[in-house]
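Build the full structure now, drawing on both the sequences and the hints.
FYI, the numbering for the sequence shown is 507 to 661, going by my numbering.
It is possible that part of the hints are untrue.
[Stated by the list, open to error] In silico DSSO-like links for lysine-lysine, alpha-carbon gap of 27 Å or less:
(1) 619 to 567
(2) 583 to 661
(3) 659 to 583
(4) 642 to 661
(5) 642 to 659
(6) 642 to 567
It is worth saying that the hints were derived from the structure and are not from the lab.
The structure displayed is predicted, hence computed values, not measured ones.
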Amino acid sequence: MQRQSLISGFVLSCLLVPAILSGCSKKAGYEKPGALVQIDGTVTLDGAPWPGGTMSFLPQKTTTGTGGYAITDASGKFTAMHFSMEPGLEAGTYDVTFSKLTLPNGDPIPEGKDAADVGAVESMPPRLANVQPDGKHVLVVTTEPQTVNYDLKSK
Numbered sequence: 507m508q509r510q511s512l513i514s515g516f517v518l519s520c521l522l523v524p525a526i527l528s529g530c531s532k533k534a535g536y537e538k539p540g541a542l543v544q545i546d547g548t549v550t551l552d553g554a555p556w557p558g559g560t561m562s563f564l565p566q567k568t569t570t571g572t573g574g575y576a577i578t579d580a581s582g583k584f585t586a587m588h589f590s591m592e593p594g595l596e597a598g599t600y601d602v603t604f605s606k607l608t609l610p611n612g613d614p615i616p617e618g619k620d621a622a623d624v625g626a627v628e629s630m631p632p633r634l635a636n637v638q639p640d641g642k643h644v645l646v647v648t649t650e651p652q653t654v655n656y657d658l659k660s661k
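Right, here's the structure in full:
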């Protein structure tokens, strides 16, 4: 199961890192669509803020577009970002996953170090780091801005 978590974290990192590292350049396929809806909120884990976590917003089959991501700040607050590097998501239905890579002992990855270089592992349980068939973490984005709070449990 830990190997599956590591693989899930690695796959997520492979998907997010190019988008994040692309900076402000707008590559084909990631240009801002006509309408993005502001989505923000706070994530807690076991009642405490969840800093430095990555959220993925993965469009379900009936939702067009590319989806997006968010990174939580020190207080667990986030703003969803479209892959065009603009804030917001297109209207639709998204599976939400939560990922946080750490050192194998649970410590944060040292600043300036790459996750792959330090043998980082996924610290979130698979039921949070992967899309789940029960649809527990599904976000329906309408045409109005939304504040969405997630109170995650580690167990």
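Outcome of the hint check:
Taking the CA atoms of residue 619 and residue 567, the gap is near 36 Å; set against the 27 Å cutoff, the hint is violated. Under the criterion of a C-alpha separation no larger than 27 Å, the hint pairing residue 583 with residue 661 is consistent with the structure, at around 22 Å. The hinted pair formed by residue 659 and residue 583 meets the criterion: a straight-line CA distance of about 17 Å does not exceed 27 Å. The hinted pair formed by residue 642 and residue 661 meets the criterion: a straight-line CA distance of about 15 Å does not exceed 27 Å.
Distance check on the hinted pair: residue 642 and residue 659 sit about 12 Å apart at the alpha-carbon level, within 27 Å; holds. At roughly 17 Å between alpha-carbon atoms, residue 642 and residue 567 fall within 27 Å of each other, so this suggested pair holds.
The structure is inconsistent with hint 1 alone, although it conforms to all the rest.
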